[in-house]
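Enquirer: In case you want the letters, here they are:
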Amino acid sequence: MRYDVTVIGGGPAGLAAALAADKEGAKVLLIERERKLGGILKQCIHDGFGLMTFGEKLSGPEYSERFIDKVLASGIEKKLLTFVTKIKKVKNEFVIYYVNREGAGHIRTKALVLATGCRERTAKQVFIHGTRPSGIYTAGTAQYYVNLMGEMPVKRCVILGSGDIGLIMARRLTLEGAEVLGVYEAKPTPSGLTRNIHQCLRDFDIPLYLSHTVTRVFGDDRLTGVEVMKVDENMEPIPGTEERIECDGLILSVGLIPENELAESLDVPIDERTRGPVCDQEYMSEAEGIFCAGNALHVNDLVDYVTENAWAAGKNSAHYEKKERILISVLPGEGTSYVVPERLNLSAPLNNVTMYFRSAREMRNAKLKIKIDGKTVFEKKYQVVRPPEMERLQIDFSGFSIRKNQTVKIILEEA
Amino acid sequence: MKEFVCIVCPNGCQLQVDDEGNVAGAKCERGVRFATEEMTCPKRTVCSTVATIFEDFPVLPVRTSQEIPKEKIGELMELLNGICVKQRLERGEVLVKHLFGTEADLISTSDMTYAYFDGGEAIKDDSGRG
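Chains A and B are the protein sequences, given in the same order. Take the first sequence: its position 349, counting from 1, is numbered 349 in the numbering used here, and each next residue is one higher. Take the second sequence: its position 28, counting from 1, is numbered 28 in the numbering used here, and each next residue is one higher.
By construction, these hints were calculated from the structure, which means they are not laboratory data. Don't take each hint at face value.
[Said to hold, decoys possible] Estimated spans, in silico, between C-beta atoms of each pair: (1) Arg30(B) - Gly25(A): 34 to 42 Å; (2) Gly25(A) - Tyr116(B): 20 to 28 Å; (3) Lys86(B) - Thr122(A): 22 to 30 Å.
[Unchecked claim] Stretches of chain A that chain B covers, calculated by requiring three or more beta carbons in the stretch to come under 8 Å of a beta carbon on chain B: (4) 189-199; (5) 324-331; (6) 398-405.
[As the list claims (entries may be wrong)] Non-contacting residues of chain B with respect to chain A, defined by C-beta distances greater than 12 Å in every case (computed): (7) Cys6; (8) Cys9; (9) Asp19; (10) Gly21; (11) Lys27; (12) Glu38; (13) Thr40; (14) Val62; (15) Leu80; (16) Gly82; (17) Glu90; (18) Arg91; (19) Val96; (20) His98; (21) Gly101; (22) Glu103.
Please read these numbers as outputs of a predicted model, since none were measured by experiment. Using N, Cα and C, we set each Cβ at its ideal position, and we do this for glycine too.
Chain B on its own, in the form it takes in the complex:
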């Protein structure tokens, strides 16, 4: 018997998996799937940033479009360290297709093309956060 806390949603169900792979404690199907995967091939969505050449947008947030095997996280971080974005991307654009041969892509999670500030001309962000 193994115990997990489901990370699929904020409910955080306490899951128990017995030796036959039966899952108890999940409020929904996603929890059952999570526990089964956690026993066989644990997967995570990874969120991080990649460098850009733009002064007003020095790093672009990215994530995997789907979960990737947990054991690939280190390799993914190395891959991200080698990326430098040279054109302004929109939200959801794919930076790398089929990460490690999986169905997951690396996608941008922020829009670099917004020009609503300063009448269209992006300026260096010196406003700080204060």
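Next up, chain A with everything else stripped away, as it sits in the complex:
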């Protein structure tokens, strides 16, 4: 079979990308490895999704099902319970090899949208010492148990990391009768959104310990306790501050990493800051014909941004034709930790470029500057910028007469 666009991943990014490509008249295939569409939103039963897209506060399933309904009513072909094993570029198209219950197969596609989402960091990646008992979960796994299976994974637990899923699980486990002894965060500031600190922790009197981390776990078959320590400004544990806490669960909310195994297998260049593919303003990676959307591109804090970016990626993928691109770099400068897109294609429209960026640290009365080869072409003031809260900006670059080999830099300064 031949398709114009194949979207890999049936979560919010994949759903939006497939719908957008279909709307442009492309023949679209959507591949999902699970048996249901919706991705991680299936288990995000809390509300707060869709304020930008629908002007309503929806739960995760409500948000994703609005898109699933549209996909089901469209002509988009779907392959569920289908796992992509390999992608090869052959001349001007891609051959996608997959396995599913019917066996192994392959299809051909002109353009590819990678909407593979992200993964959680695990205990291994945060270097906790000790035994390997059960009872240590990532926040997403705990969420899967509670919200999809209806099982309680812990009775009395400690949460390491103040990412949003960790905060949301602190509230969820408390509501379901577990005791959440505290959220421990190695950094001096919380990683999650401020509103989640309030509605998930303060509302339920769950303590938040900043500049603290879990250093050891105890227990043979099942976790019996953890050791926590204070950390210094370099996040190194301070000797003498050890404290042992009896608990049967440790929940990790220590960050998300874009999932790009397929992109890497295709030698798609990856941005070391976002851990997602380097892309231009049309969300095409540096590899021709490969587009990227959602959390596979960079970890978003709001699904509304995922939908926005994926919709654009899907739309552009439908119109993909091999053409020469003139790519210039967009770099995060002082005060910013990353910027998406990382490239501008001077041969594509520049008049309505959406930029997503994060500040490197909390700043009040911040001033954003966009510089082209050192010359400031745009300024904007921000009351406050915080690393957990992504900023979005729409810029008309067409009037700046940008030339080949120039560099765009985005800077945040405290006023």
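Chain A is already provided as a structure; the job is to place chain B on it using the hints.
Expert: Just chain B now, with coordinates in the frame of chain A:
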């Protein structure tokens, strides 16, 4: 003077309420309303799950259609523990009307009737998440 962080939207405005009830720091009207309510009768939307009899859909996500008084959250969780869904509901269907005499209903937030997988026959979910 009391300080809050607005939880209405992701902006998370820092709100200050003085002794006369005047609200400062809100970027929109919803923030002013939130701070006023937070001082008098704090309310929250509650999201949770209820049990079902279906193997492929063991719990159904639900939420309150509107905010309910914060002090009723414990009572609501007890109510939810007693519910078991015996027929496949669609998204938005009401499970309990007028929770605690308020305007808020308990509604389903997921559609259990999707049959797009497996040609219409719902099967037990053994695919895991991997």
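Enquirer: Hey, does Glu103(B) actually stay past 12 Å from chain A on C-beta?
Expert: holds, 16 Å
Enquirer: Has the hinted range 34 to 42 Å been met by the Cβ atoms of Arg30(B) and Gly25(A)?
Expert: Distance hint for Arg30(B), Gly25(A) holds at roughly 40 Å.
Enquirer: Hey, is Glu38(B) genuinely clear of chain A, shortest beta carbon separation above 12 Å?
Expert: Glu38(B) is in fact no farther than 12 Å from some Cβ atom of chain A, at 10 Å.
Enquirer: Decide, holds or violated, for the assertion that all CB atoms of chain A are farther than 12 Å from the CB of Arg91(B).
Expert: violated, 6 Å
Enquirer: Classify the label on His98(B) as holds or violated, using whether its beta-carbon is more than 12 Å from each beta-carbon of chain A.
Expert: It holds; His98(B) is separated from chain A by about 20 Å at its closest Cβ, greater than 12 Å.
Enquirer: Classify the label on Glu90(B) as holds or violated, using whether its beta-carbon is more than 12 Å from each beta-carbon of chain A.
Expert: violated, 10 Å
Enquirer: Check the non-interface label on Gly101(B): least C-beta distance to chain A beyond 12 Å or not.
Expert: About 22 Å separates Gly101(B) from the closest Cβ of chain A, which puts it past 12 Å; holds.
Enquirer: Within the region 398-405 of chain A, is the number of residues with a Cβ closer than 8 Å to a Cβ of chain B three or more?
Expert: The restraint on the region 398-405 of chain A is violated, since only 0 of its residues have a Cβ under 8 Å from chain B and three are required.
Enquirer: Is the nearest Cβ of chain A still more than 12 Å from the Cβ of Cys9(B)?
Expert: Since the minimum Cβ distance to chain A is about 5 Å, Cys9(B) lies within 12 Å and the statement is violated.
Enquirer: Taking the closest pair, is the beta carbon of Thr40(B) still more than 12 Å from chain A?
Expert: Non-interface label stands for Thr40(B): nearest chain A Cβ at 16 Å, farther than 12 Å.
Enquirer: Would you check whether the claim that Cys6(B) is not at the interface survives, using Cβ distances to chain A and the 12 Å cut-off?
Expert: violated, 7 Å
Enquirer: Hey, does Gly21(B) actually stay past 12 Å from chain A on C-beta?
Expert: Answer for Gly21(B): holds, closest chain A Cβ roughly 20 Å.
The structure does not agree with the numbered hints 3, 5, 6, 7, 8, 11, 12, 14, 15, 17, 18 stated previously, though it agrees with the rest.
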